[in-house]
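Visitor: Take a look at the letters that make up each chain.
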Amino acid sequence: ETGVTQTPRHLVMGMTNKKSLKCEQHLGHNAMYWYKQSAKKPLELMFVYSLEERVENNSVPSRFSPECPNSSHLFLHLHTLQPEDSALYLCASSQGGANEQFFGPGTRLTVL
Amino acid sequence: AQSVSQHNHHVILSEAASLELGCNYSYGGTVNLFWYVQYPGQHLQLLLKYFSGDPLVKGIKGFEAEFIKSKFSFNLRKPSVQWSDTAEYFCAVNGNDMRFGAGTRLTVKP
Chain A
685 ETGVTQTPRH LVMGMTNKKS LKCEQHLGHN AMYWYKQSAK KPLELMFVYS LEERVENNSV
745 PSRFSPECPN SSHLFLHLHT LQPEDSALYL CASSQGGANE QFFGPGTRLT VL
Chain B
206 AQSVSQHNHH VILSEAASLE LGCNYSYGGT VNLFWYVQYP GQHLQLLLKY FSGDPLVKGI
266 KGFEAEFIKS KFSFNLRKPS VQWSDTAEYF CAVNGNDMRF GAGTRLTVKP
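Those sequence lines, one after another, are chains A and B. Throughout the first sequence, residue numbering follows my numbering, covering 685 to 796 in sequence. Throughout the second sequence, residue numbering follows my numbering, covering 206 to 315 in sequence.
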């Protein structure tokens, strides 16, 4: 595997479910990100981890909970989501915070 | 607050037409600038980037962009588009953090 991988690629869940999204980067980067991509809206930065420490949380609801156990892995734990949380969730990584970010293919999430 | 604006939501061109997509940002400090492309069903890929130096930067697939500091702009250009350029294009600006524009959908008719 090369680059940034994300699993699952598609996820359908009910509002009472608990699920997790997984991201893995094979680029040796030291920063990882979660974004939310909704139609006709800018990518929304949700969480930033640098050197495995969370450095930014853009007022994301607590029903989204990130976890970064090491520099290569990033998780997004989901619980009691709302239908408006349906979107494409993208993971990215970079070497340092100012450089270009490399994106995974995303997880298409549908909340029923 | 830092923000990025892409004025064109959907652009439709015929093959061989010239392309220019606008991108403006608001941020008073030093920025790194990027254009990303998302082909149908694929992930976001970097087209080109500007950190410093020559404000006219060349990227992959014949794309280029010009940074005009006085206008806070970083427009993307291509002299002659191809059907395979059909995609969504995102401008991104990294000042305090990375901010993306809403994207411009480009449709190239064969």
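Any given hint might turn out to be false.
Just some of the chain A residues that point at chain B, by a computed CB distance under 7 Å [stated by the list, open to error]:
#, residue
1, 723
2, 725
3, 726
4, 727
5, 780
6, 787
Treat the hints as calculated values from the structure; they're not laboratory data. Keep in mind it's a predicted model, so treat the numbers as computed, not measured. Beta carbons are placed, not taken as given, at the ideal position from N, Cα and C, and that holds for glycine.
Visitor: Let me make sure I understand: some of the numbered hints might not hold for this structure. Which ones are they, in numerical order?
Guide: 1, 5
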